[in-house]
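> Here is how the chains run, residue by residue.
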Amino acid sequence: MAGAGSTLRWLYLSVYNVVLFFGWSQILYLAINALSSGGTKSVYAAIEKPLQIWQTAALFEIFNSIVGIVRSPVMATLPQISSRIYVTWGILYSFPETQEHWLVTSLILSWAVTEVIRYFFFALKETFGVTPPLLTLIRYSTFFVLYPTGIFSEAGLVYVALPFMKGSDLYSLRMPNKINFGFDFYYMSLLALGLYIPGGPYMYTHMISQRKKALSKQKQQ
Amino acid sequence: MRLQYCTCIWCTYRGYSAYYIFQASSQLPVESITMPTFEIHDEAWYPWVLGGYFALVIVTYLACARITAPYGRHWARGWGPTASVRESWIVMESPALWATVLFYSMGEQKLGRVPLIFLRLYQVHYFNRVLIYPLRMKGIRGKSMPLLVALCAFGFNILNSYAQGRWISNYGEYPDSWLTSPKFIIGVTIFFIGFIGNFWSDSILLSLRTDEDDRSYRIPQGGLFRLVSNANYFFEMVEWLGWAIMTWSPAALAFFLYTMANLVPRAKSNHYWYLKKFPDYPKERRILVPYLY
Chain A
1 MAGAGSTLRW LYLSVYNVVL FFGWSQILYL AINALSSGGT KSVYAAIEKP LQIWQTAALF
61 EIFNSIVGIV RSPVMATLPQ ISSRIYVTWG ILYSFPETQE HWLVTSLILS WAVTEVIRYF
121 FFALKETFGV TPPLLTLIRY STFFVLYPTG IFSEAGLVYV ALPFMKGSDL YSLRMPNKIN
181 FGFDFYYMSL LALGLYIPGG PYMYTHMISQ RKKALSKQKQ Q
Chain B
1001 MRLQYCTCIW CTYRGYSAYY IFQASSQLPV ESITMPTFEI HDEAWYPWVL GGYFALVIVT
1061 YLACARITAP YGRHWARGWG PTASVRESWI VMESPALWAT VLFYSMGEQK LGRVPLIFLR
1121 LYQVHYFNRV LIYPLRMKGI RGKSMPLLVA LCAFGFNILN SYAQGRWISN YGEYPDSWLT
1181 SPKFIIGVTI FFIGFIGNFW SDSILLSLRT DEDDRSYRIP QGGLFRLVSN ANYFFEMVEW
1241 LGWAIMTWSP AALAFFLYTM ANLVPRAKSN HYWYLKKFPD YPKERRILVP YLY
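Here the protein sequences line up with chains A and B, keeping their order.
Heads up: the first sequence runs through residues 1 to 221, numbered per this note's numbering.
Heads up: the second sequence runs through residues 1001 to 1293, numbered per this note's numbering.
One or more hints might be untrue.
What the hints assert, rightly or not - Derived DSBU-like pairs (lysine-lysine); straight-line CA-CA distance at most 30 Å:
hint, chain 1, residue 1, chain 2, residue 2
1, B, 1277, B, 1143
2, B, 1277, B, 1183
3, A, 213, A, 166
4, B, 1183, A, 166
5, A, 125, A, 219
6, A, 49, B, 1276
7, B, 1183, B, 1276
8, A, 125, A, 217
9, A, 41, B, 1183
10, A, 217, A, 49
11, A, 178, B, 1183
12, A, 178, A, 166
If you are wondering where the hints come from, they were derived from the structure by calculation, not from laboratory data.
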C-alpha cells in the first residue's frame, strides 16, 4: 500500500503542478497579448475566466498542506490562498468598476509570473526529482520584487473597490433583520486591508527563510 | 523512474477505459428513456418532499445525538435481524445510482449539458460508495449489520435520489454559462477536494483491519487523521458542501445539512470511542474539523 500510495502522490502532484503551470502560462500569455494590443484596460476581460478557474484550483493547495501531501505549513498556505481568492472573486469579479484599473495589470503580471515559475519549479521537483540551481535561484529570488508589487496591487484594488462597496449592498446583511445579525462587506474589507499590514511582511519573511533553506540545501548538493 | 512511467501509462489507460464505461453507462439509461415511458407530475408535492427532507434533518440530528447507530465499531445486539456487511452496503447505497438515474430521466432538462455533468459527478461519488468501497472491505466474511440500519439508509437514499435527481434535471435552471459561474467553479473545486480526501481517508481506514483472523482495531495514521479522528466524515461533508455550492439548490442544501446531522454526532461518538479504547491516542487530534472542532 505504501508503494502504491507514494506513486499516487507522485501522479497527483505531477498532474496538479503541470496542469496549473499550463493554466498560469495561458493567463500570462493572454495578459501580455491584451496589453500589447489593447493596453491596461483590456487585460481583465482577456484573463477573467482562466484566472477564476486556475486561481480557484489553488484551493487544492490548502488541502495538500493540511493533509500532509506537501510540507508547506498551513499557516503560510492559508493566508496566501485566502487573499488570492478574496481578490479574484470578492473584489475583481464582484465590482466590475475595478476591472479596468491599471492595478489589475500589475496584479496579473505579478501573480502570473510568480505562479508560472513556481509551478514549473514544483513540476520538475515532484515529477522528475530535479531542482536545477538556476531555476531554484530564480524561484527564490523573484519574490523580492513580485511580492511587494503583488501585495501592493492586491491591497490597492481592495482600496479602489471600497467606494463601490459602500454604495452597494453586495454580500452585506443590513440590520434590523429577523436574526438580528449584521454583516457589512465594506467593513470586512477594511479589516482585510488592515490585515495586509502584518500579513505582507509575514509572507515576505517566510519566503526569505524558505530561500535560505533552499539555497543552503542547494549548496550541500 | 521506469516504474513511474509505466504507472503513468497504466493509469491513463485504466482512467480512460473507466471514463468510457462510465460515460456509456451514464448515457445509456438516460438517452434510451427519451420516449415518455415514465412521466412524473410532482410539481405539487415536490416542495412538500423538500420540506419533509428538512424536517428529517432535524429528526435525524436529534436521533443520532441520542443513539449511535449500531453498525461498524458501534455494532450491538438487540437491533433485530442482521445482514452481511458488504451486501448491506451495496444494496442500501445502490438507489443513489439507479434511482437517481430513474428520477433524472423524467426531467425536462435531462439532456442539458450542465445537468448531465451534475449527474455524472454525483455518480462518481456513488460509484465509489456503492461498488468500489464495499468491495475493498477485507476480512469481513461473516460480519453483519442490523437490517434496520440498512433499511433506513436505503429509504434515505431513495428520498435523496428523488430530491437531487428531480432538481438537477427538472426544477433547477442551468444554462451552459453556469459552467463558468463562480458557484460552479468554486463548488466543483471543493467537491473534488472532498472526494479525493474522502477516498484517501477511506483507504487509510480500510487498510487498518484487513485480516480475517486479526480483527483488532487500530489508530488511523496519516492524511488528515493527523489532525482529526474522523477525516473520512469531514471530507464527505466537504464534498456535499461543494455539491450544494455548485448546484445552488434547496435539495442540495438539505443533503448537506442531513450529512452533518448524521455524521457530526457519530464523529463525536467515534472520537470518544478512540479515546476510551486507546490510552495512547494522540491528544492533539480533534473530532471532525482541523484545528476547530
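> If a hint holds in the structure, say so; if it does not, say that too.
Hints, verified against the model:
no.: 1; hint: B:1277 x B:1143; in the structure: 21 Å, holds
no.: 2; hint: B:1277 x B:1183; in the structure: 43 Å, violated
no.: 3; hint: A:213 x A:166; in the structure: 45 Å, violated
no.: 4; hint: B:1183 x A:166; in the structure: 24 Å, holds
no.: 5; hint: A:125 x A:219; in the structure: 17 Å, holds
no.: 6; hint: A:49 x B:1276; in the structure: 51 Å, violated
no.: 7; hint: B:1183 x B:1276; in the structure: 42 Å, violated
no.: 8; hint: A:125 x A:217; in the structure: 14 Å, holds
no.: 9; hint: A:41 x B:1183; in the structure: 26 Å, holds
no.: 10; hint: A:217 x A:49; in the structure: 38 Å, violated
no.: 11; hint: A:178 x B:1183; in the structure: 26 Å, holds
no.: 12; hint: A:178 x A:166; in the structure: 23 Å, holds
Hints 2, 3, 6, 7 and 10 from the earlier list are contradicted by this structure; the remaining hints agree with it.
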